[in-house]
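Trainee: Each chain is listed here by its residues.
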Amino acid sequence: MKLSDRLFGLIATIGALAYGAGALGIQTSFMSDPVGSKTFPLMIATVAFLCGIVMMLKPDDEPEWPVARSIGALIICAAVLVGYAYALKPGGFLVPTALASGILSFQISGKPKLAVITGVSLSVGLFVLFKFVLGLSLFGLPRWLMG
Amino acid sequence: MEIINNLYLGFSVALSPYTLMLAVIGCFIGTIVGALPGLGPSNGVAILIPITFTMGLDATASLVLLTAVYYGAMYGGRISSILLNIPGDEPAMMTTLDGYPMAKNGRAGDALVISGVASFVGALLATLALAIVAPSLARVAYLFGPAEYFALYLLAFCTLGGVASKNQAKAAFASCVGLGIAMIGVDHTTGMTRYTGGNLHLMDGIDFLVAIVGLFAVSEVFFFIESHGKDSSLGVKLGKVTIPWKDIFHTRWTMLRSSIVGFLAGVLPGAGASLGSFLTYMMEKSIAGKREEFGTGVAKGVAAPEAGNNAAAGGALVPMLTLGVPGSGTTAVLLAVLMTLNITPGPTLFADRPDVVWGLIASLIIANFVLLFMNVPMIKVFVRILQVPPAILLPGVTMVSFVGIYSLTGSYFDLLLMTVFGIVGYVFRKLDIPTVPVILGILLGANMENNLRRAMVLSDGDWTYLFSSGIAITLWVAAIAGFLAPFFVRNFLKKPSRPSDAQ
Amino acid sequence: MTSKIHTLLASAAFAVISTASFATECIAPANPGGGWDFTCRQIGKILYDIGQVPNPVQVTNMAGGGGGLAYNHVVSERNTDNDLIVAASQATATRLAQNAFAGMTADQVRFVGAIGADPGVIVVGKDSPFQNLNDMVNAIKADPGSVAFAGGSAAGGFDHLKVLMILKETGFTDIRKVKYIGVDGGADAITQTVGNFTQGMTGDMSEIVGFLKSGEVRALAVLTEERVPGFEDIPTAKEQGIDVVAVNWRGLYVPKGISDADFEAWGNKIKAVAESQEWKDAMAANGLAPFTKVGGDFQSWVDGVIADTVVLSKEIGVIQ
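Protein chains in written order, with this note's numbering: chain A, 1 to 147; chain B, 1001 to 1503; chain C, 2001 to 2320.
Treat the hints as calculated values from the structure; they're not laboratory data. Do not take every clue at face value.
Stated by the list, open to error - With a straight-line Cα cutoff of 27 angstroms, these simulated DSS-like cross-link-like pairs (lysine-lysine) come out: (1) B:K1166 / A:K58; (2) C:K2314 / C:K2168; (3) A:K58 / B:K1430; (4) A:K38 / C:K2314.
Required output: the full structure, derived from the provided sequences and hints.
Mentor: Structure (structure tokens):
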């Protein structure tokens, strides 16, 4: 079937069209040069569009996609990283890092005990490393806890 | 002798205890990163970039550290190839062919030592060649105007794209993604924003460091989660390590030939270390003919690819330093580092910052000796580190990447972007879409567009200005040839499948 | 093993205590390595070295939006923080004038002091037919397309504006016809000029020092009131009859909401830094010229610069 490449090619062509449409909407100022702000993005959109068509017409063999359980693990992992990005500033370094690395560790090995140890020791160890050896300005705990 | 003076300058910069210490640390980390399956030189350098900035290292010190990691990873890649039959990184792929059989025959120690020496010979010769060749290329600075630069960047995309993937359309698409991302932010010529949606975080564009760490480090974590880290147990026992002098002497011409071919493969923009090791292995195999059974564990079969890929690593620095065009994924990452340090690689670099260039070359030579020492007598240390379970290692790598980027920009937004790049990197690699052109696009996209527009300002919109000099025309021809060539030589140059998949 | 854990716990506890004591913070609105980062690190270090602040100054890099992200942060989150200074330069003023900070305006912070400046220069290749600034201006008046300039800032940026200010001063009004290409920094701009792809280079003194010494370029004019110490053979534009002064100052702003007394105190501290030997050495090493203005003086000077930039930017159409 070679569905993956065909599907991705379709997404690529739609993306290229959207990008090109975006290029047409770019604001220009009075002071414009002979090429202008829109030409180069339009060139990119054109090439990307053609690539998408080629991918649809001449797809490669189907890659080995992970099984459903692995996909679930991947989604959890991505969600954890997103949550970590939001939590790092308000939550301080220690707690979000321990949670995030613990969950990642569990997703890789499936051993809860190892995951807890990994999470806690990575969080504390990296904090000491970053804060004291490398001298970064990190807050260990939420700012509101420290007055 | 100008080169002696230059090297003297270089060593006076590089021989301070502090930079020496950085070189040793870099070599150590690099060898580990190289040895770990999946993590290669570009991952290693990408993870360390934010840390070098937060440590407040100056340009020379950061370069020493990062290139030591680069060379270290090139050395380290062979360790897991030989012991696990899993290439530590892509260039080490060919080393599995004879390295693993040698290890199975009970000669793991010999294989590690021979390949270590071959790596040393290849890397050292390439570094010396870099010192000789690069300055003469640097004098072309004043011949490059906007039209020539535009053609040069085009050449980089056409050749790197051509070799990076089996599928031209996918490589070209990856370049477009990178170029498209590079358009985000303030348009330099008009001062107006493009594709930001009014978001202040996007005004400066997307930082290529965020993209690099996302595409190379975070996506690797996803791969490990998918495989649940099963690629970790050692398949071969390593006994006492002795130095097989006879084999080393026997392979001397192999190492020399492979160093030269590897260096040349590295200099070509886009070819890089994988091609270097592939070409040298095939070359030695055909020279030896039927007299030696390549593939059953012969010394030449580990010496050739290791000398080849390490020489290519040195060769890839030539176009990066002298033209500002990276010859491989890792040098693309190093180029990003230089640009962040306010150093513009290119023809003027040798005149503007001789301390940086020669300090770098000197420290590469030093790093080689350090690496020889680490990779032959101390090899057992690294073999032990290979046994750290991925369930501890990978979360650590992720957290280091996140905190590194966070400390650099202080923005949760960049962390989100990094995760997105990680997912994109995972999907792209699954679909066999190369990620290196994406980085190249982000790195060079703005330059490419700006040079096109500058050329048009200077010529009042006359497009023929782009082909108005001999250099520009030559580059255009080379670019077109570089893009089309893979269509014809693909069957000849078909990438060997990963040996681990074949079994 | 247990002793290891104890050490870790102890250091973690120490971490909590040490972060609780707040030091003066200097925000560099860019990644490490650039001019703003240099300003923060140098001023921060000297402030502590000469005893103007009790604790070492904490430098935070906050890159984004050409300084807009840090500006927004200061205005919306730190408006009354009297222990915060932020690195600024002429680029900050130019961007504020050109409304590049998403609607934020210059009166939302207080500009507290400048402690050095990079003088503007106009440079040509050594074989250029132009012997002085007026030769060049006359050539442009005769044929605007015949002279192209290269500079390190984007079109509409400060390097571009320098050329336009000179031409306006001499009565040339068709300034949109002037060819300008913005390249990546002064060294690139000089390379383009030496390679004869452009006929002139506009930039800062610090960018051309090396090339002047090697004799590959000649400086036609420096855009200061007086000739710059160490470069006495370069005439000012003013003495060639073109009264244009344009320097890329390096300085600081503080949040709007701090008291007048705090504002004055910061002005005095910055003045002390400017007068220190350590800063003078740092300036000499980096091609900066002395330029000290602090407190209310500096604020009104910046206001004037911004007003002028607004007028010029409207003429060339960067803003409407």
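Trainee: Could you run down the list of hints and mark each one as holding or not?
Mentor: Hint-by-hint comparison with the structure:
1. B:K1166 / A:K58: holds (12 angstroms)
2. C:K2314 / C:K2168: holds (14 angstroms)
3. A:K58 / B:K1430: holds (17 angstroms)
4. A:K38 / C:K2314: holds (22 angstroms)
The structure is consistent with each of the numbered hints, conforming to all of them.
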